[in-house]
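Given the structure of chain A, go ahead and fit chain B with the ligands onto it with the hints provided.
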Amino acid sequence: MATTLTARLDREWETPHNLFGVLATVDHKTIGKRYLVTAFVFLILGGLEAAAMRAQLSGADKRLLSPEAYNQLFSIHGVTMIFLYASPILSGFANYIWPLLIGSRDMAFPRLNALSFWIFLLSGLFIYSSVLVGQVPDRGWFAYAPLTESQYAPGLNMDFYALGLTFLGLSTTVGAINFIVTFFKLRAPGMSLNRVPIMMWGTLTASVSIVFAMPSLTVACILLWFDRRLGMHFFEASAGGHPMLWQHLFWIFGHPWVYIVVLPAMGIVSDALPVFCRRPLVGYTFVALATIATGILGFGVWVHHMFATGLPSVAMTFFGAASMVITIPSAVAVLAWIATIWYGRIVAKTAFLFMAGFVVLFVIGGVSGVMTAAVPYDWQLTDSYFIVAHLHYVLVGINVFAVMAGFYYWMPKMTGRLLNERLGKWNFWVMFLGFNLGFFPMHIAGLLGMPRRIYTYPSGLGWSTVNLISSIGAYVFAVGVLLFIINALWSIRRGAIAGPNPWDAGTLEWSTPSPPPAYNFAVIPTVRSRHPLWEDRLPPEGGGRSSFSDGLTIPEGRETVETSALDAEPRAVLQMPEDSLWPLILASGLTALFYGLLIVGPVLAGIGLAVTVVAIIGWLWPSERELLQLEEARP
Amino acid sequence: MTAVPAQERDLHPSPAPLPVGGRESRSPGRWGMIWVVATEASFFAYLLFSYFYLASMARGAWPPDGVPELKLSLPNTVILLLSSGTMWWAESSIRKGRAAALRIGLVVTFVLGCVFLTIQGIEYSHKHFTPQTDAYGSLFYTITGFHGAHVAVGLLMIAVVAVRAFLGHFDRGRHLAVSNVALYWHFVDAVWLAVFTTLYLTPR
Ligand code: HEM
Ligand SMILES: [Cu+2]
Numbered sequence: 000m001a002t003t004l005t006a007r008l009d010r011e012w013e014t015p016h017n018l019f020g021v022l023a024t025v026d027h028k029t030i031g032k033r034y035l036v037t038a039f040v041f042l043i044l045g046g047l048e049a050a051a052m053r054a055q056l057s058g059a060d061k062r063l064l065s066p067e068a069y070n071q072l073f074s075i076h077g078v079t080m081i082f083l084y085a086s087p088i089l090s091g092f093a094n095y096i097w098p099l100l101i102g103s104r105d106m107a108f109p110r111l112n113a114l115s116f117w118i119f120l121l122s123g124l125f126i127y128s129s130v131l132v133g134q135v136p137d138r139g140w141f142a143y144a145p146l147t148e149s150q151y152a153p154g155l156n157m158d159f160y161a162l163g164l165t166f167l168g169l170s171t172t173v174g175a176i177n178f179i180v181t182f183f184k185l186r187a188p189g190m191s192l193n194r195v196p197i198m199m200w201g202t203l204t205a206s207v208s209i210v211f212a213m214p215s216l217t218v219a220c221i222l223l224w225f226d227r228r229l230g231m232h233f234f235e236a237s238a239g240g241h242p243m244l245w246q247h248l249f250w251i252f253g254h255p256w257v258y259i260v261v262l263p264a265m266g267i268v269s270d271a272l273p274v275f276c277r278r279p280l281v282g283y284t285f286v287a288l289a290t291i292a293t294g295i296l297g298f299g300v301w302v303h304h305m306f307a308t309g310l311p312s313v314a315m316t317f318f319g320a321a322s323m324v325i326t327i328p329s330a331v332a333v334l335a336w337i338a339t340i341w342y343g344r345i346v347a348k349t350a351f352l353f354m355a356g357f358v359v360l361f362v363i364g365g366v367s368g369v370m371t372a373a374v375p376y377d378w379q380l381t382d383s384y385f386i387v388a389h390l391h392y393v394l395v396g397i398n399v400f401a402v403m404a405g406f407y408y409w410m411p412k413m414t415g416r417l418l419n420e421r422l423g424k425w426n427f428w429v430m431f432l433g434f435n436l437g438f439f440p441m442h443i444a445g446l447l448g449m450p451r452r453i454y455t456y457p458s459g460l461g462w463s464t465v466n467l468i469s470s471i472g473a474y475v476f477a478v479g480v481l482l483f484i485i486n487a488l489w490s491i492r493r494g495a496i497a498g499p500n501p502w503d504a505g506t507l508e509w510s511t512p513s514p515p516p517a518y519n520f521a522v523i524p525t526v527r528s529r530h531p532l533w534e535d536r537l538p539p540e541g542g543g544r545s546s547f548s549d550g551l552t553i554p555e556g557r558e559t560v561e562t563s564a565l566d567a568e569p570r571a572v573l574q575m576p577e578d579s580l581w582p583l584i585l586a587s588g589l590t591a592l593f594y595g596l597l598i599v600g601p602v603l604a605g606i607g608l609a610v611t612v613v614a615i616i617g618w619l620w621p622s623e624r625e626l627l628q629l630e631e632a633r634p
Numbered sequence: 000m001t002a003v004p005a006q007e008r009d010l011h012p013s014p015a016p017l018p019v020g021g022r023e024s025r026s027p028g029r030w031g032m033i034w035v036v037a038t039e040a041s042f043f044a045y046l047l048f049s050y051f052y053l054a055s056m057a058r059g060a061w062p063p064d065g066v067p068e069l070k071l072s073l074p075n076t077v078i079l080l081l082s083s084g085t086m087w088w089a090e091s092s093i094r095k096g097r098a099a100a101l102r103i104g105l106v107v108t109f110v111l112g113c114v115f116l117t118i119q120g121i122e123y124s125h126k127h128f129t130p131q132t133d134a135y136g137s138l139f140y141t142i143t144g145f146h147g148a149h150v151a152v153g154l155l156m157i158a159v160v161a162v163r164a165f166l167g168h169f170d171r172g173r174h175l176a177v178s179n180v181a182l183y184w185h186f187v188d189a190v191w192l193a194v195f196t197t198l199y200l201t202p203r
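Taken in sequence, the protein lines are chains A and B.
Here numbering that gives the first Met the number 0 is used: the first residue of the first sequence is 0, the next is one more, and so on.
Here numbering that gives the first Met the number 0 is used: the first residue of the second sequence is 0, the next is one more, and so on.
No lab work stands behind these hints: they were computed from the structure.
It is possible that some hints are incorrect.
[What the hints assert, rightly or not] What the simulated footprint calls covered on chain B by chain A, stretch by stretch (three residues with Cβ under 8 Å from a Cβ of chain A suffice, anywhere in the stretch; the number is not a length):
hint : region
1    : 32-43
2    : 49-55
3    : 135-142
4    : 170-178
All residues carry an ideal CB built from backbone N, CA and C; glycine is no exception.
Here chain A stands alone, though its shape is the one from the complex (with noise of 0.2 Å):
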C-alpha cells in the first residue's frame, strides 16, 4: 500500500489531541494563536482599567476612586498596554505567520518558542497577580525612582514590577533570539534577503532591538530589587547611589521599546496594504532600509525622555537633533504607503479600512512626536495629557489599527472562514472615530494645563467638557472593540469560506490551505521573486518562476530546510524536535523561582532554581531519536 506524502507528513508532525499535547506542543500555529489570544484579553483587561479611569476623569471633583486605586489603575494599565499586549500580540502575529511567509514548516527553535509563550502567560499572571492581594504596582508604568524605593513604597507593590518584568524579558528576549535565527537560516530555497517581505523586516529589527534593549530593563529592574529587598543602594542618594540612573538604563530600554512595538506593526502594513491596492508596495527597498535604520536609530534618542531633568544643553541639542532624524525614516514609511493607495486600485475591505485609519493617526502621533522632540516644547509639555494624547495616538494608532488590520487580514487563514466585512466596516468605523473623540481633545487638555496622573481636577478650570467629551469618545472605542469580539467569535463558526487566498495575495502562506496543516508545506517551495503567487501578472524579476510542486519533502520525522543566511541556498536538512513538556517544566520552574523571590522565601526560590534547572538539562540532553543516529553513526 503506497503511503501519500500528507499522510505521512501529517502523522509526524500532528500534534496528539490530548492533554499532553496541549501541554506539549510546539506547532508555531498553535503558540502563534495562544499569543494572540493571550495578549488580546491583556488588551481588553487594559481596556477596563481605562474605563475605570476615564469614569473617574468624566467630571469635576468625582469620587468614584481614591487617589490610590487611580495610581494602581494608570500603573497597571501602563504595564499591561506596554509589555503584556503591545509586544506579545505582535510576537503572535509573526509567530503564526513568519514559518507560512518563508515556506517553512517550523520556527528554528520551536520548544524556546513554547517556552516563549509559556514564560509570556505566566509572568503576565504573577503580575496580575497582585490583583488578588490588592497590592498593584502603583508608581506609573516607568516607575521612577526614588519613589520606588521601599521607604517610600514599602508594599508589594513595585516587587510585583521589579520581578515581573524581569521574568517576562526572559519571555521577549528568547522570543527575539528565536525571530533572528529562524530569519537567517530557516527561509525557503531561493528567498534572498531581497526578497523577504518587510514585515519580516520589521520583526528582525525590532528582535535584534530586543537582544540589545532588554537587559538594560532587567538591569534596572534587578538592581531596584535588590534595593527594595536587600538593602543595596544604587538609587539611594543618601549612600552613594543615583535616582537618575534608574532614569538611564529605563530609557535607554524604553525608547527602542517603542519601535519594538510599532515596527512590526508597520512591516503588517508595508505587507497587507499592497495587497488591497492590487500592486506591490512603493519603495520596497526604501522601506526595509528605513526600517532597519529606525531601529538602530532608536538607541540614540532616550534622553529625549529626559529633558526636564538638567542636563547639560549640549547633550539635549544633541538628543533633540536625534529625535528629529529619526523622523526621516517614518516619514519614507509613510509615503510608501501614500504612493501605494495613490497607484493602486483600492478594494475597501475592513482591512485595508484599518491600514488606512492607521496612516492617518500615524501622521498625526508623528506630528505631535516632532514638537515633542523640540526642547523648549517639552518643557511646556511634558507630564502633561498632551503627552497622554501623543503616546496613544502613536501606540494605539500604530499598534492597535495595525493589529486589527491583521486580524482581519489574516485570521481568514487561521481559521479558514472569513471575518463578516459589514460589522467590520462598523467596526471600523466605530473605533476610528471613537478613538479620535477620546484622545483629540487630550492634545487641548494638555495646552489648557492639565497634568497627566490626576485622580480628579476641580471644575472652574475649564478642563471639564474635553473631559467628558474625552471619557464619551473611550467608551464609543470600546464598543469598536466589543463589536470586533463579536466578529470574530461570530466567523468562527459561521463565517464564509475563505479558501486558500481569499485576498488573491502575493505571498507564500496564501500558497497553503486555510487553516494550514500541521507541516505547513508538503513540498518545500522554491522562491524567485518577492511575490511567488503574482508572478503571473507582474513583470518578471529575472530568476525565473517559483516552485510549489517540486522540491524537497523530507518526510523522515520531523524535518525542514535550512539555508544559507543571504542568498537562501538550500544548506542542510534540520531535524525538528518532537513535542516537549520540558517548556512548560521550565518555565513553571521560573514562576516558583519568581514567587520565591517575592516573598523573599529561600526554600520555594531553591526548589524553583532546581526544577528549572532539571528542566533544562533535561530539554538538552539527546533525544533517542539522536541517540539512535550516534549509533549508527559509529564505526
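The following block gives chain B with the ligands in isolation, referenced to the frame of chain A:
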C-alpha cells in the same frame, strides 16, 4: 485536514539529497548561542555602565575605602584565562576526533572554574564592606556576583557536556554542544576581563 493540497502524490525521494544536520558551525543552534551571548554581553555592559555612572556622580572618594587589591584577583584572572585555554584545547581536540583529549580538557576546565569561584569566595570574606554598606559595595558585589553566577552556570554546562563526553556522545562531526559550551565559557572569561579592568584597574 480540510483541504487536500495539489501536491498530493505518492512518496518519492527528495530531488537533491541534502546532508542531515549540515555544518555545525553554521547551524541554527550555533547562531542561537551567538545571540544568547550578545544579549548577555549587553546585560554586563549595562551593569558596568551603572558602575561608571555612579562613579562619575560620586561626591567623595571613589572607591570609598580604597582601590581593591590585586593580590588574589590577579592570580584568579590568570586561572580563568588558563581555563579558556584548556577549553579551547578540548574543543579543537574533538574537531580532530580525539575523544579522550576532549574528556581531559573538560575536566581540567571544570576544576579551574571551581578554583576561580573558591578564590572569589575567599576574596569576599576578606572584604571590609558588604553590599549594604554603600552604593560602591552594592555595585562591587552585584557585578562580581552576577559574573560568578555566570561562571556557575558555565560549570554546570561543562559538567553536563563532560558526562556526555564520557558516554561517547561526540565525534568529529557532531559536537555542537561542546562548541556552544566553549563559546559560552570564553564569553564568561571575556566578561571577567571587562569586570576586572573596571573594578580593579580603572580606579588606580
Ligand atoms: C482603550 C483605549 C484606551 C484608553 C481609554 C486609555 C486611557 C488612558 C488613560 C485615562 C490614561 C491615564 C492618563 C493619566 O492619568 O495620566 C492612560 C495612560 C496610559 N496608556 Fe492608555 N488608554 C487606552 C489604550 C491604551 C493602549 C492600547 C496603550 C498601549 C498600547 C496605552 C498605553 C498607555 C500608557 C503607556 C499610559 C501611561 C501610564 C502611566 O502614566 O504610567 N493605552 N491611558
Ligand atoms: Cu522616546
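Query raised in the report: Does the region 135-142 of chain B contain three or more residues whose Cβ lies closer than 8 Å to a Cβ of chain A?
Result: Holds, because 5 residues of the region 135-142 of chain B bring their Cβ atoms closer than 8 Å to Cβ atoms of chain A.
Requested in this report: Count the residues of the region 49-55 of chain B whose CB lies closer than 8 Å to any CB of chain A, then report whether that count reaches three.
Outcome: Check passed, 3 qualifying residues.
Query raised in the report: Within the region 170-178 of chain B, is the number of residues with a Cβ closer than 8 Å to a Cβ of chain A three or more?
Result: holds (count 4)
Query - chain A covers the region 32-43 of chain B, three or more CB atoms within 8 Å, holds or violated - result: Three-residue rule met by the region 32-43 of chain B, so holds; n is 7.
In summary, this structure violates none of the numbered hints.
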